[in-house]
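Protein chains in written order, with the working numbering: chain D, 1 to 222; chain A, 1 to 239; chain P, 1 to 222.
No lab work stands behind these hints, which were simulated from the structure alone. Errors might be hidden in some of the hints.
Unchecked claim - Cross-link-like lysine-lysine pairs, in silico, DSSO-like; alpha carbons within 27 Å at most:
1) P/Lys148 <-> P/Lys24
2) P/Lys123 <-> D/Lys14
3) D/Lys222 <-> A/Lys149
4) D/Lys10 <-> P/Lys123
5) D/Lys10 <-> P/Lys83
6) P/Lys199 <-> P/Lys164
7) A/Lys151 <-> D/Lys222
8) A/Lys229 <-> D/Lys222
9) D/Lys10 <-> P/Lys75
10) A/Lys149 <-> D/Lys214
11) A/Lys229 <-> P/Lys19
12) D/Lys222 <-> P/Lys60
13) A/Lys237 <-> D/Lys222
14) P/Lys125 <-> D/Lys10
15) P/Lys26 <-> A/Lys237
16) A/Lys151 <-> P/Lys178
17) D/Lys14 <-> P/Lys75
18) A/Lys222 <-> P/Lys15
19) D/Lys222 <-> P/Lys123
20) D/Lys222 <-> P/Lys125
21) P/Lys114 <-> D/Lys14
22) P/Lys137 <-> P/Lys149
23) P/Lys83 <-> D/Lys14
24) A/Lys113 <-> A/Lys10
25) D/Lys14 <-> P/Lys149
26) D/Lys160 <-> A/Lys151
27) D/Lys14 <-> P/Lys144
28) P/Lys197 <-> P/Lys178
29) D/Lys14 <-> P/Lys125
30) A/Lys237 <-> P/Lys19
31) D/Lys14 <-> P/Lys113
32) A/Lys151 <-> D/Lys157
33) D/Lys214 <-> P/Lys83
Here the structure is a predicted model, which means the values were calculated and not measured.
Listed below, chain by chain, are the residues.
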Amino acid sequence: MKINMIPLIKREIKLSISNLGLVISYSSFFLLSLLIFTFGVGPDIKQLNTVYIPIIWIIMLFAIILISDNFLLSDFQDGSLKELQYLGYSEESIILSKTIVMYLILIIPHFFLIPVFSIFYDISFNNLVQLSLDIVVGMPSLILISLIASLLTIQIKRNKVLQFIIIMPFYVPIIIFTTSNNESILYSSFDLNKILILIGFFLITLPITLLIGKLILNEINK
Amino acid sequence: MMFKFANPNKFVKISELLFPYFNILFLISFIYGLYLSFFNSPPDYLQGETVRIMYIHVPCAWFSLMLYSSIAICSFFSLVFRHTLADIAIRAIAPLGASFTIATLITGSIWGKPTWGTWWVWDARLTSELVLLFLYVGIISLSNAFEQKSKGDKYAAILSLVGIVNLPIIKWSVDWWNTLHQPASISKFSSPSIDTIMLVPLFVMTLSFLFLSLNIIIIRIKSEIIQRKIDILNSSKIN
Amino acid sequence: MILEIISINLSRNKKIIFKNFSLKAKSKEIITLIGRNGSGKTTLLELVVGVLQPESGSIKINNINIREIGEHKKKQFIYLPYKDALKEDLTISENLLIWANLANIVLNQELFKKSLEYFSLYKIKDVVVGKLSQGQKKKISLTKLLLKKCSLWILDEPFNSLDKESMEILKKLFLSHKKNDGVVLLASHIDINIKNKIKIFLKPPKKSLVKTNTIDNWEELR
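Let's have the full structure, built from the sequences with the hints guiding it.
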């Protein structure tokens, strides 16, 4: 069991760089969905200012679930998953390397998206800092869970919506905590407790998803 | 205990033996429980007669959670000991658990209308119950999404293990969410100490539900075994 | 004894695929597994590599049980599966470089050039794999044999899609490997004409009439 993940990460990065359209698609999907929501809610910026947090997180959720397929499907179909396993890489390192690269790739568009959000919804600087930190700390958990959902449904060809049905209940805790607002934000520039809770979630999700991912990868080969 | 069920035909025979007894016990306890609920327990000082729906709502809620836990235990046996009866049991119990969850939600809703004035309220327990329903739906749809039954069994077992680990986390976070967004609410579900005279009908109704569940699960396992035997016959004909 | 398969049993989907199957290979041998589609050739190769586990029996490579050696095992054989794990978006050299990185092989320019030239791939080394023919893709996988030095070659249908000329080149490669104390274990659905090889015929599992009143254990109901 090789714990050395660097070749895996290098491989994932090389594969993703050849597919940079993914980043553009993710950003466009995000902004388009925000647009649709804005049409639904109404042009009043004061009203939008109160609802932007849940909208952003839920769209991010859907975008991540949709994108996670790209990181697994082609590897499964051309036999690369199997190849990585018999080259000696443990299933956990395969999943972890994919998570790391997916995180690095997806965090980049957010540097550009977050200022755009602040313009669209008139977000104050404090709230913006809070939102950015939440995204940086909360996204790994979202990515881990979405990879598990993709792994479970990778062999199902007919019913792709199943991916969403299976995995949504496990997003409930994260959504609850990332969209919670605390009054301490009035006094300091960011809410430390929230960030710590999100880090805690990540630390809980990490071993569970790696273990479950290992079980699934063992089953996929049979 | 595992070796007693080593033979599927033996399992079917034992369950067929127990079935009529469970039936009788169910009927007796159900009728007695209903009698106790209607005639032998007092109306609540605030809610009046509508509190009697608690005698169905609470056992349903208990069972929806207990059946999920038993699915999780079966998943553990399925993945660790690779026992097919565990796989079949998961398929048998899941729809029953989902039905109990739906029953909990509907009875809770009916209870809520006279109590709070609305059919639905985002109370912590009802919301968690709703999330539990979707966990059940996930297991049922995943187990039926594959052509090969054994694959579906394995994946559903894995999913239910994720679910049982996440269930306390979900419950806790929904609870937190509820207290965060609602100011001090008049939650009638914050369990006060229940008087013995209300505990007895509750206990009898729970017992009746237990026998009902066992019977339904036995029927479902038997039919799943028969279905698999048919599948084997059919597939051997193809070759 | 380079490869030893000792009395393995495996059933799948209620069919017995291997019953007390044994095989021994010392050095300087070419072993071909011949059988119709579905007779278990790929399954046997996957058992030897460790992707599948037999229900009983053991497999030893270089006198060490494959379950025990972990990552060192990967250094002692090379496995070319049926599905070549090639990324369509990357070029030939990029694919091979990623693979070499994953397999911990140190490449120098000379070796790389010579290996590509063996199957006439050097001139097209910067062509994207998606544009190549099936035969050329197969040759890319076969080039891996030249990049990694080890004694046991395990190949699933290596002659598929190759033209006559490439088939001869490959046969020459096998014979020179055999001379260098190597072992080639390959699966093929057609009989390949190579000097002095050992043929093993695999028969597809027998269909058996099943009477349901004889189903007396839970395994059959899986």
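Status of each hint after checking the structure:
no.	hint	verdict
1	P/Lys148 <-> P/Lys24	23 Å, holds
2	P/Lys123 <-> D/Lys14	23 Å, holds
3	D/Lys222 <-> A/Lys149	13 Å, holds
4	D/Lys10 <-> P/Lys123	26 Å, holds
5	D/Lys10 <-> P/Lys83	22 Å, holds
6	P/Lys199 <-> P/Lys164	21 Å, holds
7	A/Lys151 <-> D/Lys222	9 Å, holds
8	A/Lys229 <-> D/Lys222	22 Å, holds
9	D/Lys10 <-> P/Lys75	21 Å, holds
10	A/Lys149 <-> D/Lys214	21 Å, holds
11	A/Lys229 <-> P/Lys19	24 Å, holds
12	D/Lys222 <-> P/Lys60	21 Å, holds
13	A/Lys237 <-> D/Lys222	24 Å, holds
14	P/Lys125 <-> D/Lys10	20 Å, holds
15	P/Lys26 <-> A/Lys237	43 Å, violated
16	A/Lys151 <-> P/Lys178	41 Å, violated
17	D/Lys14 <-> P/Lys75	24 Å, holds
18	A/Lys222 <-> P/Lys15	24 Å, holds
19	D/Lys222 <-> P/Lys123	39 Å, violated
20	D/Lys222 <-> P/Lys125	35 Å, violated
21	P/Lys114 <-> D/Lys14	25 Å, holds
22	P/Lys137 <-> P/Lys149	21 Å, holds
23	P/Lys83 <-> D/Lys14	21 Å, holds
24	A/Lys113 <-> A/Lys10	49 Å, violated
25	D/Lys14 <-> P/Lys149	26 Å, holds
26	D/Lys160 <-> A/Lys151	17 Å, holds
27	D/Lys14 <-> P/Lys144	19 Å, holds
28	P/Lys197 <-> P/Lys178	10 Å, holds
29	D/Lys14 <-> P/Lys125	17 Å, holds
30	A/Lys237 <-> P/Lys19	23 Å, holds
31	D/Lys14 <-> P/Lys113	22 Å, holds
32	A/Lys151 <-> D/Lys157	14 Å, holds
33	D/Lys214 <-> P/Lys83	22 Å, holds
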